[in-house]
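K.L.:
Sequence lines, in order, name chains L and P. If you count the first sequence from 1, position 87 lands on 87 in this note's numbering, and the numbers rise without skipping. If you count the second sequence from 1, position 35 lands on 35 in this note's numbering, and the numbers rise without skipping.
For the record, the hints were derived by calculation from the structure and aren't laboratory data. For every residue, glycine included, the Cβ atom is placed at its ideal position computed from N, Cα and C. Among the clues, some could well be false.
What the hints assert, rightly or not - With beta-carbon atoms standing in for the labels, derived distance ranges:
id: 1; chain 1: L; residue 1: G28; chain 2: P; residue 2: K61; range: 19 to 29 angstroms
id: 2; chain 1: L; residue 1: P83; chain 2: P; residue 2: S18; range: 35 to 45 angstroms
id: 3; chain 1: P; residue 1: H82; chain 2: L; residue 2: L27; range: 36 to 46 angstroms
id: 4; chain 1: P; residue 1: Q71; chain 2: L; residue 2: S98; range: 21 to 31 angstroms
id: 5; chain 1: P; residue 1: S39; chain 2: L; residue 2: E67; range: 22 to 32 angstroms
id: 6; chain 1: P; residue 1: S72; chain 2: L; residue 2: S62; range: 31 to 41 angstroms
Unchecked claim - Part of the chain L face toward chain P, derived, beta carbon under 7 angstroms:
id: 7; residue: L27
id: 8; residue: P42
id: 9; residue: T101
id: 10; residue: G105
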Amino acid sequence: ETGVTQTPRHLVMGMTNKKSLKCEQHLGHNAMYWYKQSAKKPLELMFVYNFKEQTENNSVPSRFSPECPNSSHLFLHLHTLQPEDSALYLCASSQGTSQGTQYFGPGTRLLVL
Amino acid sequence: AQSVTQPDIHITVSEGASLELRCNYSYGATPYLFWYVQSPGQGLQLLLKYFSGDTLVQGIKGFEAEFKRSQSSFNLRKPSVHWSDAAEYFCAVGPDNYGQNFVFGPGTRLSVLP
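Please construct the entire structure, taking both the sequences and the accompanying hints into account.
P.N.:
Here's what the structure looks like:
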């Protein structure tokens, strides 16, 4: 497999559920990102990891919990979400966080009921 | 802080017609500029990027973009649009060596008439 992969591609969850989104990059990059894309809103950067260390948390609610066990894998753990959290969650990776072109995965379409 | 504007929310063109999507940015130095395309239900695919040098950059799928410092613009062009070009197009600025991350514009949705 090449590029950036995300699983699952679609997820429906209730507000009391706990689920996790997974992202894997096969590009040898050392930086990974989570973005939220809601309808009619610009892409929102949520988290940035560089060499497994979190370098950015864009005031994201604690019901979203990221985890980066190594430079190739990134998780987003979800718990007690709200309906307004329904969106497309995109993962990206780059070679470094400065001047690095970001490559995106296909996204996970999340619906919170 | 950096910002990106894409003045056109939605553009409709006929297949075979030329296309220009506008992008304006606000940044204190020479920016790194990108255009991405997103098909429905998909992630973002890089079309082209400008870092330095020639201000006219060529990308994939027959797209090109021109960096104009005097106008703070980085407009995307294609001489002849194909039906498969219908998608959402995002202009982006950054990142830089000072901790600035990517900033994306709001996107322009392109519809193509047969």
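K.L.:
Using the nearest Cβ pair, does T101/L come within less than 7 angstroms of chain P?
P.N.:
OK, holds: T101/L within 7 angstroms of chain P, min 6 angstroms.
K.L.:
The hint says 36 to 46 angstroms between H82/P and L27/L; measuring C-beta to C-beta, is that right?
P.N.:
28 angstroms, violated
K.L.:
When you take the CB atoms of G28/L and K61/P, is the distance between them in 19 to 29 angstroms?
P.N.:
25 angstroms, holds
K.L.:
With chain P as the partner, please determine if L27/L meets the hint condition of a C-beta pair closer than 7 angstroms.
P.N.:
Because about 12 angstroms separates L27/L from the closest Cβ in chain P, which is outside the 7 angstroms limit, the hint is violated.
K.L.:
If you take the shortest Cβ to Cβ gap from G105/L to chain P, is it below 7 angstroms?
P.N.:
Cβ of G105/L sits 5 angstroms from chain P, so the hint holds.
K.L.:
Does P42/L meet its interface restraint, that is, does its C-beta lie within less than 7 angstroms of any C-beta in chain P?
P.N.:
5 angstroms, holds
K.L.:
Falls inside 21 to 31 angstroms, the C-beta gap from Q71/P to S98/L?
P.N.:
26 angstroms, holds
K.L.:
P83/L and S18/P, beta-carbon distance inside 35 to 45 angstroms?
P.N.:
Holds, at about 42 angstroms.
K.L.:
Could you check the hint for me, namely that S39/P and E67/L are 22 to 32 angstroms apart, CB to CB?
P.N.:
This hint holds: roughly 29 angstroms between Cβ atoms.
K.L.:
Holds or violated: the 31 to 41 angstroms window for the beta-carbon distance between S72/P and S62/L?
P.N.:
Roughly 38 angstroms apart at Cβ, these two residues keep to the hinted range, so it holds.
When the structure is compared with the earlier hints, violations turn up for hints 3 and 7 and for no others.
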